[in-house]
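Going down the list, the protein sequences come from chains V and X. Using the numbering used here, you'd call the opening residue of the first sequence number 1 and step up by one each time. Using the numbering used here, you'd call the opening residue of the second sequence number 281 and step up by one each time.
None of these hints come from the bench; they were simulated from the model. Be aware that one or more of the hints could be misleading.
As the list claims (entries may be wrong) - Derived DEER-like restraints, expressed as beta-carbon distance ranges:
no.: 1; chain 1: V; residue 1: K171; chain 2: X; residue 2: Q352; range: 16 to 26 Å
no.: 2; chain 1: V; residue 1: E153; chain 2: X; residue 2: A509; range: 44 to 54 Å
no.: 3; chain 1: X; residue 1: C455; chain 2: V; residue 2: T71; range: 56 to 66 Å
no.: 4; chain 1: V; residue 1: T181; chain 2: X; residue 2: I374; range: 36 to 46 Å
C-beta: ideal position from N, C-alpha, C; glycine also.
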Amino acid sequence: MDAAEAAPEASAPGTGADPAPTAPAPTVVVDAVDIVYRVHGAGPALARGAATPALGRILRRRGGADAGVRTVHAVRGVTFTALRGEAVGLVGTNGSGKSTLLKAIAGLLPVERGHVYTDGRPSLLGVNAALMNDLTGERNVRLGCLAMGMSPEQIQERGPGIVDFSGIDDKGDFSTLPMRTYSSGMAARLRFSIGAAMDHDVLLIDEALATGDRAFQQRSQARIRALRERAGTVFLVSHNNKSIRDTCDRVLWLEHGKLRLDGPTAEVMKEYERFTGGKS
Amino acid sequence: MTLALDKPPRAETTAEAAAESVTESAADLAARHGLTVSGARPSLPAYVRELWQRRHFVTAFATAKLTAQYSQAKLGQLWQVMTPLLNAAVYYFIFGVLMNTKHDVPDYVPFLVTGVFVFTFTQQSALAGTRAVSGSLGLVRALHFPRAALPISYCLQQLQQLLFSLCALLAILLCFGVPPALSWLLAPPALALQFVFNAGLALVLARLGARTPDIAQLMPFVLRTWMYASGVMWSIDKVLADRDLPHAVTVLLEANPAAVYIDLMRFALIDSFTADRLPPHVWAWATGWALLAGAGGFLYFWKAEETYGRG
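Only chain V is shown next, with the shape it has when bound in the complex:
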C-alpha cells in the first residue's frame, strides 16, 4: 500500500473523540509489543518422528539453542493508544495476529517484548472454554458466569435473563438438556449471551457478532451497543466488514503481525477492501 506519511496532528483516531473539549484519558496503551508463540515437537520434518534425533535434540538443548521448539512471531512491534469512549476495530487477513493481540491486551498471553498498559482489567467477551458440552444449558450459564467472576447472587439475578436472551427455550425446554444436544447456532447463541451478561471497563470482542440467525444477530448488535455505552473502550475483531463499520469509529489493520494502518474507520476500511479485493 502507498505509505502516505501523515502529520501527527492529522491523525485524529476517531470521530467520537474529537469534539470533547478535554482530551479523553487513554485506557489501553500498547507500546512496541512483540508476541512469540513457542511450539513444541514441531521441528523440521526430517528431524521429527524418529526417536534418535529427538533424543539428540534433548541433549543439544543443554547447549542453549532449543532445537526442538519452533517459534511463531505473531505480533511484531505494534504500538497504539486507545482512548476512553472509543470503539476500535481490528482487521486483517487470517493469521495476521488480531486475536493474539487481543489476548495480549487482556493480559492472557505474555508479551515477548514491549508493554501493554491497561485501565483496570480488560475482559475478553467469550466463555467458550469454560463451558462443558455434557452439562445442561442452565448449569453452563452458572459455570460460565462464575468463571467470569460473578457472585452467586448476581447469577441468581441475571441467570433467567441470559437464557431468555439466547432464545434457546423458544423451541422447547432446551436449557435443561445437555449442550451437546444443541444445534451449533443454539450453542453459539448461548455462549454469546453468557459472555455479554457482564459489564466491562475495557471490552474485547472476537468475532462474536457473526453467530446465530438474523434475528439473533440484530439482538446481539443491540447488546454490543449497550455494552459499548457502559464500557470505557471496545475492541472488536471481525471478518465482517459491515459490523466493523457499524460498530467502530477507529480501525487498526494488522498484516503479518505488523500494524499496517491506524485511522478512522472509513479510510482504513477503504484501503483494506482494496487490499483484499472487494467487499467480503
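Go by the hints and put chain X onto chain V.
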C-alpha cells in the same frame, strides 16, 4: 487523515498524545493516567483474596467435571461407585487370591480397599494436577482468574470422587463384619490433611507440567512406583519385620506421605488395624506433609502465575 505505519513508531501519534506531548513515552503516559501492566502477577495477599473470591467457581468447576465424566454412560452416576469397586476387585483378585497376601493381614479386603481408595485420591490428584494448566490452555487464554483455581479444583473433584468411594467402602466394611466405631470420626481430619497435601502436590506438578508437558508422560510410572512403595496391597510393617533393611530406608518408607495417610485411614476405619501398627509420630508426619506441600506448593505455583498460557 490516514496514518500509514511501516515501522513501529516510537513516539505516540494518537490525538491526545499529540495534543499533550509528542515525545512522552508510553510508560510515562500510562503512569500518568494510572494504567497498569496488563497480566502482571498480583501480590500474594491479593492473589489469595482473588482466589477466595473465585471459590464458587472452584467448587462449581469441580462438580461440573465430576458430573460430566459419566453423563454419556447408560448407568450414569452409578459409575462413581462402580469404578472404585471394580478397581478394588481387580487388586483383590491379583494380590489377595493369586499372590495370597491375604493370609498375612487380618481383614484383608477392608485393608486393601481402604489402601486403594486413599492412594487413588493422591494418585489422581497428582495426575490431574500435572495437566491442570497445560490441559486447560483454552480456559487460561480466554478468562481471568487465579490459575491456582485449576489444580485446586481438580483436587476437589478427586475429593468428591473419594467421598463416593467411601460410601462403597463403608458398605464393604459392614459386609466384612467391621463394626462401626468412634474411631471413624478420625477419618475426616485425616482426609482434610490429605486433601491439603494433594492440592500442594498438584500445584507443584501443574507448574512443572505447564512448562514441560513431557512430565505428563512420566507421571504414570512415577505414581505406580510410589503405589508399590506405599503398602497399598501389603502391610509395610510385616514386610519390614522380615528384612534387615538400613534404618534410613525404614524411616523413608514410614515417612512416605501416601503411606502415612493410608495408615491413618486404616487405623480410623478398621478395628483390627490397631495403634501399634502405626509408625511413630504419624499425626505429626501427616500434618507436617500437609503444611509443607500446601504452603510450599501454593507459593511455588504463584511465583510463575503470569507465565501460564504461553504456548
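*Would you list, in rising numerical order, the hints stated earlier that this structure does not obey?*
Per hint list: zero violations.
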